[in-house]
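Protein chains: 6
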Amino acid sequence: MSRYGAMYGPDLTFLGVPACDLADAASFADADVVIVGAPFDGGTSHRPGTRFGPSAMRQACYLPHDGSRPSLALRVDGLRDLRVYDAGDVEMFSGDIERSLSALEVAVHTVASAGAIPVVLGGDHSIALPDATGVARHHGLGRVSLVHFDAHADTGDVEFGNLHGHGQPMRRLIESGAVRGDRFLQIGLRGYWPGPDVLSWMAAQRMRSYEMTELVARGLDTCLTEAFRIAVDECEGVFLSVDVDVVDPGMAPGTGTPEPGGLTSRQLLDAVRRCCYELPVVGVDVVEVAPPYDHADITAYLGNRVVLEALSAIARRRRDAAGGDPWNPEKPLLDSR
Amino acid sequence: MSRYGAMYGPDLTFLGVPACDLADAASFADADVVIVGAPFDGGTSHRPGTRFGPSAMRQACYLPHDGSRPSLALRVDGLRDLRVYDAGDVEMFSGDIERSLSALEVAVHTVASAGAIPVVLGGDHSIALPDATGVARHHGLGRVSLVHFDAHADTGDVEFGNLHGHGQPMRRLIESGAVRGDRFLQIGLRGYWPGPDVLSWMAAQRMRSYEMTELVARGLDTCLTEAFRIAVDECEGVFLSVDVDVVDPGMAPGTGTPEPGGLTSRQLLDAVRRCCYELPVVGVDVVEVAPPYDHADITAYLGNRVVLEALSAIARRRRDAAGGDPWNPEKPLLDSR
Amino acid sequence: MSRYGAMYGPDLTFLGVPACDLADAASFADADVVIVGAPFDGGTSHRPGTRFGPSAMRQACYLPHDGSRPSLALRVDGLRDLRVYDAGDVEMFSGDIERSLSALEVAVHTVASAGAIPVVLGGDHSIALPDATGVARHHGLGRVSLVHFDAHADTGDVEFGNLHGHGQPMRRLIESGAVRGDRFLQIGLRGYWPGPDVLSWMAAQRMRSYEMTELVARGLDTCLTEAFRIAVDECEGVFLSVDVDVVDPGMAPGTGTPEPGGLTSRQLLDAVRRCCYELPVVGVDVVEVAPPYDHADITAYLGNRVVLEALSAIARRRRDAAGGDPWNPEKPLLDSR
Amino acid sequence: MSRYGAMYGPDLTFLGVPACDLADAASFADADVVIVGAPFDGGTSHRPGTRFGPSAMRQACYLPHDGSRPSLALRVDGLRDLRVYDAGDVEMFSGDIERSLSALEVAVHTVASAGAIPVVLGGDHSIALPDATGVARHHGLGRVSLVHFDAHADTGDVEFGNLHGHGQPMRRLIESGAVRGDRFLQIGLRGYWPGPDVLSWMAAQRMRSYEMTELVARGLDTCLTEAFRIAVDECEGVFLSVDVDVVDPGMAPGTGTPEPGGLTSRQLLDAVRRCCYELPVVGVDVVEVAPPYDHADITAYLGNRVVLEALSAIARRRRDAAGGDPWNPEKPLLDSR
Amino acid sequence: MSRYGAMYGPDLTFLGVPACDLADAASFADADVVIVGAPFDGGTSHRPGTRFGPSAMRQACYLPHDGSRPSLALRVDGLRDLRVYDAGDVEMFSGDIERSLSALEVAVHTVASAGAIPVVLGGDHSIALPDATGVARHHGLGRVSLVHFDAHADTGDVEFGNLHGHGQPMRRLIESGAVRGDRFLQIGLRGYWPGPDVLSWMAAQRMRSYEMTELVARGLDTCLTEAFRIAVDECEGVFLSVDVDVVDPGMAPGTGTPEPGGLTSRQLLDAVRRCCYELPVVGVDVVEVAPPYDHADITAYLGNRVVLEALSAIARRRRDAAGGDPWNPEKPLLDSR
Amino acid sequence: MSRYGAMYGPDLTFLGVPACDLADAASFADADVVIVGAPFDGGTSHRPGTRFGPSAMRQACYLPHDGSRPSLALRVDGLRDLRVYDAGDVEMFSGDIERSLSALEVAVHTVASAGAIPVVLGGDHSIALPDATGVARHHGLGRVSLVHFDAHADTGDVEFGNLHGHGQPMRRLIESGAVRGDRFLQIGLRGYWPGPDVLSWMAAQRMRSYEMTELVARGLDTCLTEAFRIAVDECEGVFLSVDVDVVDPGMAPGTGTPEPGGLTSRQLLDAVRRCCYELPVVGVDVVEVAPPYDHADITAYLGNRVVLEALSAIARRRRDAAGGDPWNPEKPLLDSR
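Chains as they are written, first to last, in this note's numbering: chain L, 1 to 337; chain B, 338 to 674; chain G, 675 to 1011; chain S, 1012 to 1348; chain Y, 1349 to 1685; chain F, 1686 to 2022.
Keep in mind the hints are simulated off the structure, nothing from the lab. This structure is a prediction, so every number in the text was calculated from the model and none was measured. It is possible that part of the hints are untrue.
A short list of chain G residues far from chain L (calculated; beta carbon distances all over 12 angstroms) [as the list claims (entries may be wrong)]: (1) L737; (2) S768; (3) D831; (4) K1005.
If the Cβ cut is set under 8 angstroms, some of the chain F residues that face chain Y in the computed set are [unchecked claim]: (5) P1733; (6) R1736; (7) I1782; (8) Y1978; (9) N2013; (10) P2017.
If you anchor each label on the Cβ, the simulated ranges turn out as follows [claimed, not checked]: (11) G:P1006 / S:L1174: 44 to 54 angstroms; (12) S:P1029 / Y:R1447: 51 to 61 angstroms; (13) F:E1860 / G:T899: 52 to 62 angstroms; (14) Y:D1673 / B:V495: 27 to 37 angstroms; (15) Y:E1523 / L:R319: 28 to 38 angstroms; (16) S:P1343 / F:E1860: 37 to 47 angstroms; (17) S:L1174 / G:E908: 37 to 47 angstroms; (18) S:P1343 / F:G1752: 39 to 49 angstroms.
Glycine included, every Cβ here is placed at the ideal spot set by N, Cα and C.
Sequences are here, hints too, so could you generate the full structure?
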């Protein structure tokens, strides 16, 4: 396998970071992070279009594509303080979900095995199965917890006659043992799916799912603190899966299964920052950005910023671990940090 | 009159609930709720398009149209735990507002007289006049209070030379005695209309109008609690009228008279839930969803979810009244409820 | 199998024609035409969205959904003079192209075997393989010619590692013997695909492909006359496959692989009319209408009108065959026809 | 009545021509042309929005709003060589079609009585009834023929329980005697409406309706020549009514009842030019431009250019009548004209 | 120089306030406020379109353009209680930034010199340089502080080889001495620009920049109170510069350099109100509304409402200063205020 | 100068052709064609956005970005049979038109001097001045004729107080002597600009401008044949300047100054093909593609295909000149060519 490049548009790297080739181990041997595109929407139950998500998220920025993004908030450069490469897209034919997910799992495992954090740009949420599996195969099945921002639990069983699809990856991950049910932390659920049977199954797995009602009643930060404590209990790493539909569709319309009543963009960015700053994140995916339903690229921008927020916080976590002052959100921007 | 079906598109029912025919009393004899479409925008002072609101709100969902929607938050199925029918659209020619509103009043009264809760899908807000009148004629003039979410007071007098229109229904309701002025609870007003004369008239009626400034300063929940207490004072029932423009146009662009600075979608859904869970709601309308100005159906989705939220809360209220545990918003999703 | 209904939205029939159930032979025993939805876009190489094509084409009309459409041009009612049913959608999971195409082939063959003309609403062009195969299995392999309006030849071999996809159905049909290569009439090709190897293969099959250059230089009607003569040579029936991208993307933007320089909508409608009036059409599909990329439903309207034009012309052909005056396009509208 | 100004936006004049006030006869005493806005869409059977047509058509231009538009093709300035005023909008409440149409008829008659040509900017096609009636009342009932570009015949009887609406004005005009049935020239009809009964009625009135089939088969120019000959037989004046949906919806999407297969923009402009250059036009309306469904203002631009084309041709007709060289379309642009 | 009128569309005034001509001092001699359009986007580093901002903000309202807007929240009419004129647009060719900014500075200074508050409708943020300079030249260099709502610091040095552009005005203002660095109050910064060098320069100027992190952690109102205290320290006046991109792009998509994670519309309106009610504002600009990227005019509406909020608060401040009761946000709308 | 890359998005090459660097002569020493991006819209008089034209035209294709595009019509591969490089964008700050145009002229001249054909992707039409000048400086002032497809003559004098802008380049080219007035061939003019004075100036220069009226009356092909004959009279080379607004805005909405009544896309592609096949083209620009006003990328696709059509025809011209059979548009696609 040589570098595949982009299926859906030109072969770009995320904001201009260096390219690598997963078939050439030397090309990313020193990587801290490898970005992987998963242009797949064959698992979508409703509106497709996420196959253009990787290209859109790589491009959505008004600043030069120069491989550098110094964070105002965290005072690190997530693209420079970490060694970040972009491996391009994995070939994923939307008409063949099994082969496509397998190919992605190989790619993600390749990255994880090299000691780097895979950051996968979806694609629909079907890809969380190979994403988290690929990471767990390296770090140990059941040794990676999953922090999952989403409007939907994604724990369906068989849908459209198939075990795979964007409503089912979390069930498959638990069934396979890749992730322990009681190390699943779901944030932002709401709406009218799944029904009681699936909820019972989830309860039986001892999943911890924070529906919006609870988040509003108890406060998002309180719930995150509680969830993060569970996430690191008996787990060495955390996989962060961000479905952009966790944000209210009024603010993030470019997605396939919009569910009103979600988080604000600000809340999501802050939560991702906390997750990556406070927890030992070993893998990330950002999914369900569907450009055909977007307007003025605002959802693509949000996906891009979720990635940057994650990378910035990982970089800051490493810097602070190396002896820096801990990050203080109340400090004025222009005070020395 | 036989079932009219849809004027603006195919004859659909709301998310697949059974159809009924208002001309055939047997077809909805056991109904708890009857949905009625009011595809009318002849009363709109600015951007039209709400005639497509009923069709859009009936369809806006990524889940199967199977007449079932189990609420994650409330653990009831608003479409199954209640007996819900959809009577289709009332014939309403936008070029003849008087005849159209009369036809709708007949339809709403027919539903209320059968002991069911009418849920009217607008249409522009002109329809609140026949909606609340039709209900009040059954429950008693002046015996139904009105909880009204809106950016606008809708208490104008004559506009465009006419007594009817989407800026005037609330005045007509008070003048006719259908609803007492001091049982009008308005939530979310803002902007630059109406002027001092109309405000004086409103004050003279002893209406209680919560402008956004007060909601921000005192807190939405505090204000709702206060308003709800008034609503049930000497009234047996509550009519809930939700103008989608109460939400900020940034989150709900598909409407005719957008006024920046509104509620979030999350706030509206929570407020509707509280209203229908805490109060004896006897009628509902959801108005001013204008699909031509919508993007990616997000405003139609919001309208759909407002209906579901109302039905879910009504179902939960009935379940709890029948002896269930009261609903606790702080309880985790997967704990037995 | 019971009637499946709609995967992507409510269960509608085409402009209100009666529903039937392919699992219940009696429900369409007297059908002249059965409409079948193929909501599948797993075979799309670029922009997805055609899964919403069936729903969009069924609804795109400003007239009542009453199962009647009297043609001004042909003075027949394609939905009433013929017995037309709508079987709803076939379950087609976009993530599994092989199973999906098989399910569609069964459905189409079921219709053809009942003596009716299947009219399949796509979906991407992958479905032409099961569409034409299902028909040919009934009428005889190699006994049905194929008139194919398209910007693309769709004769690719393996793409994305798969034999199936929307760029390959025509090759598969020839390889399987379902349709003879020299009875393939392609109208409207243009652009930059396929390359010389595939063109050589096509020439070897003795396909007859009319690129836009030839159509402009010789005249569309001249070319159609020539093509239609070939189509009925040693063939009993004709399958008409209309890819909406044969029309210029300026007039039909809602499609996945737009190629500038196409026919006008008027030209396509006239050509479809001629095809169905002059030839013994035994099956039709209309594909590649992708609503997410459409504007103001204009491409969905065009797809809807292609279906109506085909049905009207079939009805007129039957009427004239039964002894009516032949159709004369120069006759004034209001002269008795 | 004082100058009403704009209902739907600021009070603008068409490309900056001088304003006049219909209540002040002196303000337009010397007018050749008076533009009148008819912001009404209460008669629309499907997509509304034409109430914003007048404002959109007045503004849609990239050149300065300076009240001058020298035509390259005709070498006259339709806004300066004629004395053109803009009377603003007539107050037309979309919820009351009868009152609204009456008010418009008064306005149009006022203009015609002053010896000027009214040019009415719609609004939906309901307005053709007051437009042509207002003109005919001045020039003589039955003395003005009607040249009508449209996809639809607009000869329906009762619809939505009403005699008025955008599908019925032509019938009302004939019934009232304002326009003779055999002086109705309809250009561009197509599609699936009206049905046989209405067509029989039309034939009985001896209307002459050119469906697209005939236009394609015989040639648009041939048909226009024939129609124009009829138009001036026993009639002193011609009313030109242009429904923008006569153009293919691919090129003019911003309209309410799009019917694929229409004229090109070029064809319409050329036909309007011929009509106003060759015939004694005494009134014009341009209707059915619906901005909410438009994209990048292209339909509004088309409406604006239809007005300019008409005014330019009227100006050129007058110049040539005053002794100029007749217009020659084959002459190079830069030759002295 | 005579009144220039509008470059980009018809010559409108803001919601119908009277026009004035900057070349004719008498035409605005008694003005409290003069609105000036700055249709310039030649300084934009990414998406252009703000040249249409002035026209869009002037028109974006569903109420009559009658020069009156009584504020529900503040019970004053910002357009009537103040004497407000609109001077039209300044001629600003986007291809020549230096000449354009100079022309604007002259216009703003002319307004300020007449004792009126200039309210400039942008245009891109390049215009803050002439806006604040024009005001400071009248009130005294270094005597006017700057309250600046924005996602970006706009303190870049040379970009695209030029000293001017929408990312640099704040630096130029400090360098020239027009505004003191330590009287710059920036609210809402976030994202990934500028880098450390520019931040160091900003710190050296003793600017006070509130990044979103601090605003969330400490509370927006707390930060505003702190900032406002600085603003009036040793300064007689405050210039308020509102870049609409301070609001989250999900709620205000029509802008050129969208940065996710911003304020809500409600927060911005409340903050602008506080600023203009609590501080001695002597100039305002509202910039970066880019209509080509807007949807359903929601961003234009927001810009319009920011202007109205500012004017209403200024009017209320003056009324209260003249002896009225101070404004109390907790007071019910219908209580006498 | 090192390779500048893209100002407005990532650094892409046109459909994947190799990159070159204008500062490194060796990188394009063997080039037949060098593509240059001119992301400039500072000269636009109305809607901006063409700065994103180069990026959009480089990307707008559903086929792999592999640097190969075999033309069905011409049976050559314009990207492979010619040696084509992409030099990236020239730095052009839209706020400084003079500096920007100078920088582009240097770039174009560099390409021409190397013996390659520059193909410039605009950008607004201001760039035609440096484009044609840069070429003429190499081939000889007055020795290159200009074939100009456009709705507008672009021969204005001073506008917005400036000699440069997108309405003036053709005048500047004639004034400077770069192109002879009587070797200017303009195709597709229409509308209401320029006025008589400018037309007189044009006539005095002996320009030959084909307005749409003449094109319709005499036939496009007849006019092209006439124009092409003039173009090669006493000129060694032809510069082809294609303003995408020559196509009807209904088919090409993504542009700044849309003028209804234009060519179809098919007509433009055929005309460009003829121009590049029949004439000795030495430079090309494709301008006025404005992505913010585009829909579903259809105008960007058209711009991309204009470039490909030009390159294909140049390649075929060279092949035929080298002894191949002349191209015959009537020949079937699959006959050996």
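Now the hints, each set against the structure:
Taking the minimum C-beta to C-beta distance to chain L, about 27 angstroms, the non-interface status of G:L737 holds against the 12 angstroms cut. The Cβ of G:S768 does not lie farther than 12 angstroms from every Cβ of chain L; its closest approach is about 5 angstroms, which violates its non-interface assignment. G:D831, annotated as away from the interface, keeps every beta carbon of chain L farther than 12 angstroms; the closest lies near 15 angstroms. Look at G:K1005: its CB is around 44 angstroms from the nearest CB on chain L, clear of 12 angstroms, so calling it non-interface holds up.
Interface hint at F:P1733: satisfied, since its Cβ lies 4 angstroms from the closest Cβ of chain Y, which is below the 8 angstroms cut-off. The restraint placing F:R1736 at the interface with chain Y holds, with a minimum CB-CB distance near 7 angstroms, inside the 8 angstroms limit. The interface hint given for F:I1782 is met, as the beta carbon of that residue sits about 3 angstroms from the closest beta carbon of chain Y, less than 8 angstroms. Because the closest C-beta pair between F:Y1978 and chain Y is about 6 angstroms apart, less than 8 angstroms, the hint holds.
The criterion of a C-beta within 8 angstroms of any C-beta in chain Y is not met by F:N2013, whose closest approach is roughly 44 angstroms, and the hint is violated. Taking 8 angstroms as the C-beta cut-off, the interface hint given for F:P2017 is violated, the closest approach to chain Y being about 45 angstroms. Under the hint 44 to 54 angstroms, the C-beta atoms of G:P1006 and S:L1174, about 28 angstroms apart, miss the expected range. The hinted window of 51 to 61 angstroms between S:P1029 and Y:R1447 is violated, with their beta carbons roughly 32 angstroms apart.
In this structure, F:E1860 and G:T899 meet the distance hint of 52 to 62 angstroms, their C-beta atoms being roughly 54 angstroms apart. Restraint check, Y:D1673 to B:V495: a C-beta distance of roughly 33 angstroms satisfies the suggested window 27 to 37 angstroms. About 33 angstroms separates the C-beta atoms of Y:E1523 and L:R319, a value consistent with the hinted range of 28 to 38 angstroms. For S:P1343 and F:E1860, the hinted distance range of 37 to 47 angstroms is not satisfied, since their beta carbons lie about 22 angstroms from each other.
A hinted range of 37 to 47 angstroms is violated for the C-beta pair S:L1174 and G:E908, which are about 58 angstroms apart. Taken as a hint, the range 39 to 49 angstroms holds for the pair S:P1343 and F:G1752, whose Cβ atoms sit roughly 43 angstroms apart.
The structure fails to meet hints 2, 9, 10, 11, 12, 16 and 17 from the earlier list, while all remaining hints are met.
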